[in-house]
Amino acid sequence: MITLIQYGDQPLNTLEGALDHLGFDHRRAVAPGGAAPDGPLILLGAGPFEAACAALKAGGWWWDLPQLAAAGRPVLGIGLGLHLLAEGSEESPRGTGLGLIPGIVRSLGPGVKLPHDGWSQVRQLRAHPRLPDPRDAWMYFQHSHALEATSETLQVAHHGRPFSALELRGQAVGLQAHPEKSGSYGLVLLAKLLACLDEQPRARVGVN
Amino acid sequence: MVAKRVVPILQVRDGRIATADGAAPSEVARRLELEGADEILFVEQGAGRALRSAWLTEVARALFIPFALEAPFQGPEELAEALAAGAGRVVVPARDAALMDAPRFGRARVVAALEAVWSAAGGWDEILDGLMELGQLGLGGAVLAAGATELDSLCARTVRLPVPILLRCADPALAAEALAHGADGIAYPADLMTPAEFKARLAGAGVPLRR
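For the protein sequence lines, the chains are A and B, in the order given. The opening residue of the first sequence carries number 1 in my numbering; numbering runs sequentially from there. The opening residue of the second sequence carries number 209 in my numbering; numbering runs sequentially from there.
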């Protein structure tokens, strides 16, 4: 069963709606003790980096999440969740991230409007046997900072500069776009990513 | 490259759509998603705080594109409630922007509604100064209402808008020009035409659209 990490005032309704639509079982957990015994942990995030770090610490996740990941538990970070899984972010220069995905999150720009708020196209940098080639699919982004792409990055998007749209490092996955708000392609990608993390829906459900 | 957004506006009163036989917001919004909307802008009429979280939650669970809520918010706590219920963005009156503690919620999640009033003396510089101030308050953009004079002025030259701008405009021809000259999206009354039809009318503008 999927566990949605509930911290601060993060809005989980849209993601829950997407998981219901796709037929996945899920529950919310405000602290590690409330997590399902197995299955992926999803860290959905929006808003300021520092406030999210503080909320994760208040719930005890900050210390337990790396331990769970080290024990082989899959973790999926979405939006700000990707930034939190990285090693740190320029948004909070003195702060660090959880360090499950290598790299520092840096500001987008200069020369473009910030925030990057809307639909941009995503392209494949490295193929993955269990993920579809996005072939310039449109996905919804809402952010001002992003992880720089490396040779390990699977998919990239562009706003002023190329940035990482999808990272898959062992059992840690980071997605900059919001698949739960990216229409039918986002739902397909979410289902495929969860399948990569060995999570299957209750029954095969059509996506539209 | 960011697609120019086509955003139908739905008026909500007492938790129901004000202009479509009192339908549920989630049902109408989902239909608009399937008809090609990039985002939905809900505009709440009247005092709706008591019912707001319930219908926003319903929308959030049914819709797989972003949506925003414009409402007569009385303060930051009301913004927090709306965002926690699933609104991806809240739209506050520009005159109240300084009272809304926007940085608390993150730069992208609070935008201002304002009316562009063009004057021969100030021209677009005056309007741009107002938009710059919004950016300094930590707001992530604006929903701009503009009259024919302002739109003519905007379309007469490329304007370097400092933050993402969603322009209220019911005329696809004017919308096409405004998008080509710096606006980032168009918000129009949902009962005017489907988002796919609106996009078809923008096809000649040479701007990127999500299909």
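If you are wondering where the hints come from, they were derived from the structure by calculation, not from laboratory data. Don't take each hint at face value.
[Said to hold, decoys possible] Residues on chain A that point at chain B, a partial pick, calculated with CB under 8 Å:
id : residue
1  : Gln6
2  : Asp9
3  : Leu22
4  : His26
5  : Ala55
6  : Ser107
7  : Gly109
8  : Pro110
9  : Gly111
10 : Gln124
11 : Tyr140
12 : Glu148
13 : His159
14 : Pro162
15 : Lys181
16 : Cys196
Source: prediction; values computed, not measured. Every residue, glycine too, gets a C-beta built ideally from N, C-alpha and C.
Evaluation of the provided hints:
1. Gln6: violated, 11 Å
2. Asp9: Where the cut-off is 8 Å and the nearest Cβ of chain B is about 4 Å from A/Asp9, the hint holds.
3. Leu22: Interface hint status for A/Leu22: violated (10 Å vs cutoff 8 Å).
4. His26: Where the cut-off is 8 Å and the nearest Cβ of chain B is about 12 Å from A/His26, the hint is violated.
5. Ala55: violated, 12 Å
6. Ser107: violated, 11 Å
7. Gly109: Violated, because the Cβ-Cβ distance from A/Gly109 to chain B comes to roughly 12 Å (cut-off 8 Å).
8. Pro110: violated, 12 Å
9. Gly111: Violated, because the Cβ-Cβ distance from A/Gly111 to chain B comes to roughly 11 Å (cut-off 8 Å).
10. Gln124: violated, 17 Å
11. Tyr140: holds, 6 Å
12. Glu148: At about 19 Å, which exceeds the 8 Å cut-off, the nearest Cβ of chain B leaves the hint on A/Glu148 violated.
13. His159: holds, 7 Å
14. Pro162: violated, 12 Å
15. Lys181: Where the cut-off is 8 Å and the nearest Cβ of chain B is about 5 Å from A/Lys181, the hint holds.
16. Cys196: violated, 20 Å
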